[in-house]
Amino acid sequence: MLLPEFDIDESRWSGVAEAPAPGRQLAVAQALRALLPADCVLSRDEELHPYECDGLAVFRQQPMLVVLPRTETEVRAVLLACRRLEVPVVARGAGTGLSGGAMPHAAGVVLSLARFDRILQIDPAARIARVQPGVRNLAVSEAAAAYGLFYAPDPSSQIACTIGGNVAENSGGVHCLKYGLTLHNVLGLRGCTIDGEPIELGGCALDAPGLDLLALSIGSEGLLLVVTEVILKLLPKPELAQVVMASFDDVGKAGEAVAAIIAAGIIPSGLEMMDRKATAAVEPFVRAGYDLAAEAILLAESDGTPDEVADEVRAMERVLQANGATAIAVSASEAERLRFWSGRKNAFPAAGRISPDYYCMDGTIPRNRLGHMLKAIERMEHKYGLKCMNVFHAGDGNLHPLILFDANRSGEWERADRFGADILELCVQLGGTITGEHGVGVEKLNSMCVQFSPAERAAFFSVKRAFDPPGLLNPGKCIPTLARCAEYGRMHVRHGQLPHPDLPRF
Amino acid sequence: METRLADWIKGTTQGDSANDILRACVHCGFCNATCPTYQLLGDELDGPRGRIYQIKQVLEGTPATRNTQLHLDRCLTCRACETTCPSGVDYGHLVDIGRAVVESQVRRPLNERLLHWLLREVLTRRGLFGGALRIGRALRFALPRALHAGLGEHRAPGAWPRRTHARKVLLLNGCTQPALAPSIDAATARVLDAIGVQALVDARSGCCGAIRHHLHDQRGALQNARRNIDAWWPQLDSGAVEAIVINASGCTTMVREYAWLLREDPAYAARARRVSDATRDLAQFLGPQLPLLLRCVRPASITRIALQNPCTLQHGLKLKHDVEQLLSALGAQLLPVDEPHLCCGSAGTYSLLQPKLALELRARKLAHLLHAQPQMILSANIGCLLHLAAGTAVALRHWIEWIDELIVTS
Ligand SMILES: Cc1cc2nc3c(=O)[nH]c(=O)nc-3n(C[C@H](O)[C@H](O)[C@H](O)COP(=O)(O)OP(=O)(O)OC[C@H]3O[C@@H](n4cnc5c(N)ncnc54)[C@H](O)[C@@H]3O)c2cc1C
Ligand code: SF4
Ligand code: SF4
Numbered sequence: 001m002l003l004p005e006f007d008i009d010e011s012r013w014s015g016v017a018e019a020p021a022p023g024r025q026l027a028v029a030q031a032l033r034a035l036l037p038a039d040c041v042l043s044r045d046e047e048l049h050p051y052e053c054d055g056l057a058v059f060r061q062q063p064m065l066v067v068l069p070r071t072e073t074e075v076r077a078v079l080l081a082c083r084r085l086e087v088p089v090v091a092r093g094a095g096t097g098l099s100g101g102a103m104p105h106a107a108g109v110v111l112s113l114a115r116f117d118r119i120l121q122i123d124p125a126a127r128i129a130r131v132q133p134g135v136r137n138l139a140v141s142e143a144a145a146a147y148g149l150f151y152a153p154d155p156s157s158q159i160a161c162t163i164g165g166n167v168a169e170n171s172g173g174v175h176c177l178k179y180g181l182t183l184h185n186v187l188g189l190r191g192c193t194i195d196g197e198p199i200e201l202g203g204c205a206l207d208a209p210g211l212d213l214l215a216l217s218i219g220s221e222g223l224l225l226v227v228t229e230v231i232l233k234l235l236p237k238p239e240l241a242q243v244v245m246a247s248f249d250d251v252g253k254a255g256e257a258v259a260a261i262i263a264a265g266i267i268p269s270g271l272e273m274m275d276r277k278a279t280a281a282v283e284p285f286v287r288a289g290y291d292l293a294a295e296a297i298l299l300a301e302s303d304g305t306p307d308e309v310a311d312e313v314r315a316m317e318r319v320l321q322a323n324g325a326t327a328i329a330v331s332a333s334e335a336e337r338l339r340f341w342s343g344r345k346n347a348f349p350a351a352g353r354i355s356p357d358y359y360c361m362d363g364t365i366p367r368n369r370l371g372h373m374l375k376a377i378e379r380m381e382h383k384y385g386l387k388c389m390n391v392f393h394a395g396d397g398n399l400h401p402l403i404l405f406d407a408n409r410s411g412e413w414e415r416a417d418r419f420g421a422d423i424l425e426l427c428v429q430l431g432g433t434i435t436g437e438h439g440v441g442v443e444k445l446n447s448m449c450v451q452f453s454p455a456e457r458a459a460f461f462s463v464k465r466a467f468d469p470p471g472l473l474n475p476g477k478c479i480p481t482l483a484r485c486a487e488y489g490r491m492h493v494r495h496g497q498l499p500h501p502d503l504p505r506f
Numbered sequence: 507m508e509t510r511l512a513d514w515i516k517g518t519t520q521g522d523s524a525n526d527i528l529r530a531c532v533h534c535g536f537c538n539a540t541c542p543t544y545q546l547l548g549d550e551l552d553g554p555r556g557r558i559y560q561i562k563q564v565l566e567g568t569p570a571t572r573n574t575q576l577h578l579d580r581c582l583t584c585r586a587c588e589t590t591c592p593s594g595v596d597y598g599h600l601v602d603i604g605r606a607v608v609e610s611q612v613r614r615p616l617n618e619r620l621l622h623w624l625l626r627e628v629l630t631r632r633g634l635f636g637g638a639l640r641i642g643r644a645l646r647f648a649l650p651r652a653l654h655a656g657l658g659e660h661r662a663p664g665a666w667p668r669r670t671h672a673r674k675v676l677l678l679n680g681c682t683q684p685a686l687a688p689s690i691d692a693a694t695a696r697v698l699d700a701i702g703v704q705a706l707v708d709a710r711s712g713c714c715g716a717i718r719h720h721l722h723d724q725r726g727a728l729q730n731a732r733r734n735i736d737a738w739w740p741q742l743d744s745g746a747v748e749a750i751v752i753n754a755s756g757c758t759t760m761v762r763e764y765a766w767l768l769r770e771d772p773a774y775a776a777r778a779r780r781v782s783d784a785t786r787d788l789a790q791f792l793g794p795q796l797p798l799l800l801r802c803v804r805p806a807s808i809t810r811i812a813l814q815n816p817c818t819l820q821h822g823l824k825l826k827h828d829v830e831q832l833l834s835a836l837g838a839q840l841l842p843v844d845e846p847h848l849c850c851g852s853a854g855t856y857s858l859l860q861p862k863l864a865l866e867l868r869a870r871k872l873a874h875l876l877h878a879q880p881q882m883i884l885s886a887n888i889g890c891l892l893h894l895a896a897g898t899a900v901a902l903r904h905w906i907e908w909i910d911e912l913i914v915t916s
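Note that the protein sequences, when read in sequence, are chains L and F. Take 1 as the starting number for the first sequence in this note's numbering and just add one per residue. Take 507 as the starting number for the second sequence in this note's numbering and just add one per residue.
Hints should not be assumed to be uniformly reliable.
[To be verified] Rough simulated footprint, nothing fancy, chain L against chain F, three-plus residues with beta-carbon under 8 angstroms: (1) 524 to 535; (2) 592 to 600; (3) 734 to 748.
None of these hints come from the bench; they were simulated from the model. Keep in mind that this is a model prediction, so the values were computed, not measured. From the three backbone atoms N, C-alpha and C, an ideal C-beta is built for every residue, glycine too.
Just chain L, same shape as in the assembly:
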């Protein structure tokens, strides 16, 4: 792709650690206090400090201020004031993000949407839910259950993460293999631009006229607008769902079995893989009944009418057996099915039981390269002297290697960081991408330099500028500046591992 060189002021606010000018905090706080009730503006050090990071706590930055509005009018007022005073704004949902997307800006305001926690409407006839952005993902399905409906995208963090955060990250989950990502399950949204202008994208219908700005804004990581309301698509709960749990004595074989299931034309409603280290970490908390002796387990779900499920389960069992499964169990009740998933959903934080810190990677690769990737990760474990436990959305080739480290030991985080970068580069080499669902945030800026050309990155910036001319919404995230990529490139030459300019990228 060739684009004209833009004369872009892309780096104006990109230094997220750049401290505000003296006296600035007080001035901005005063301006905001005039707009919001007293308990909605936080400015003391001890109040700002706990907001310094999201779920990826190695990236930290104390904000200048935190605001906690309750109404859209207040959000607009905050945005207008920030635009007028030229203050960067970082939206925040539940702060469960794993790429530092909600990490604050030193001279900026954190705009928390946590108080927007009302489900405004559930229309069972139209099968939609209208919710505020601070509503927890799981709360939607819980409320919809009364009508026999559910909201399909189910990130493992669904107990806590918000719909606003899901929209910003285009989050996925166990059931996205069959039902799609957030993008495929959001019908419309309301938001505010940095000018405080309310905008509505999409609507209750499946398609809307004009450019599809809705799709553009889903996954935009808080760079384009602040979401204040979302219309979600609800689906009827399948009559029955069952999970097949298959054990393997080799991770490579498990990887091949995944590819074989998809190749057999089966689309399970979930297809996940965990290696032995992962099952060992979660079993004490969840008691899911995982096969702890297996090198890897696969969890494959089938849903539909009882007949469909019975057929599909049988078909999956055949493929799994043919690919070397050493044991197979099928969930016998709804409670057992939920227990099987619960272990998978708690896998990341359960890593905290076997290691003080973990670094969760999020890359994608073509499914048939899973085995290759796992072997490579094993070699990297030796190279970096760190353990890695593996949890995959195997069905869509989305990897979540969890690199275990101890942040209190000097040098370990740096090693974990390089380990992670290695994995992501291998993802690109194998024909995959550097993020499946957790977003780029601040964490994967460098990897973006590997994945995208300068012209492509310039195009991203011009989209951002079209929505946010002053560049105040979540600056310094998601799109790396030219200078940053140049710096990263130099580093790589030094380490003798130049990225792969010859590879096709997407």
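Could you slot chain F with the ligands onto chain L? The hints should help.
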């Protein structure tokens, strides 16, 4: 999480415990989802993850402020966060350590200190409290609304069983419960009697210490603990009693904590461990006795029941389904209750110290409990009972009182 504890606490027992707990937290935020105060206030500072962060900050050397104290005060210590945490973070012990450090750094204003003192000294003394209660009931109209919660209505206790049995257990010689609802202990003794277990109360024992513990009087709480251990030890050591059985889940949780609280006390550590090990919540004790119990009950007449599972039972003692199973087996039809994990706002003395939040939580809990129109609401803890009772006309009882009604005396 990365930690860099300050020199003044590094290497101390408290410091080491806190460090281990902090390290286990991976900052995932799952716990905020089930924290009552985060749900109400929507501020990271009022959720477990943020509280852990604030405590960490203080232990890393940033002086605590009134603000830090406020956010820790707002914590109900319900420990729902522990149940939710996949990483096994022991929040309860961390917040104890954090609160003690903050108390030592930040002086409360006089009115707060007075209120704390008053509650500590009055609530924990049986005689004093009984008297104050009678006066309070008489003067109800003159008290602030939030305080009505603590006053309850008096119910006749009924007769205490006279029979002796070879199987014996010790009950707690509680502080507030005997004055507020003497019927609970009497019902407990009768149900135990029916299954051939004699309930003893040692007059030398008293308040479990939870009230002082919550009101930042650590020394007083430990004294309560030591006094109880001294009182119970002879009967426990000789094997005369098989267990210490407690019918207020808040107190059970506290006595089960003696082992941790006195772990550094050479004179008491070993005995505290024995006492904690021998302590059972009444639900836990009766569970295995169900076959015996089934032989001496008649069918229930009040069956549509909403059960309020106190936090101390489900999150503190991790006994999530014990009462439920017991009541179902005895014929109760337990109605669905939304958000069963959420605290009702009673939380020891919380309802008196944080009335606004406590009342909001109570309204939310009562709406869920009443949703399916129960004939009766049952709970397992005296504090929750009184707190909830002040907000509804529907009958509220301890679950043991419901079972007591079913007992057919032979
Ligand atoms: C244990 C664990 C498991 C996880 N599992 C998954 C998984 O299976 N799948 C998955 O996709 N993700 C997963 N995640 C990542 C994370 O939960 C998701 O990215 C989630 O969508 C973030 O939601 P949040 O409310 O926490 O957003 P935050 O972390 O607060 O913010 C994330 C981004 O969204 C922006 N944002 C938030 N709200 C708004 C708004 N109203 N308007 C505009 N921008 C906004 C922020 O600026 C930030 O860039 C997991 C995280 C953890 C800790
Ligand atoms: S103990 Fe209860 S109130 Fe306190 S942080 Fe945990 S969940 Fe919240
Ligand atoms: S759930 Fe556990 S690990 Fe996660 S933030 Fe809360 S306390 Fe920390």
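Hint by hint, here is what the structure shows:
{"no.": "1", "hint": "524 to 535", "result": "holds (count 7)"}
{"no.": "2", "hint": "592 to 600", "result": "holds (count 4)"}
{"no.": "3", "hint": "734 to 748", "result": "violated (count 0)"}
The earlier numbered hint that this structure contradicts is number 3, and it is the only one.
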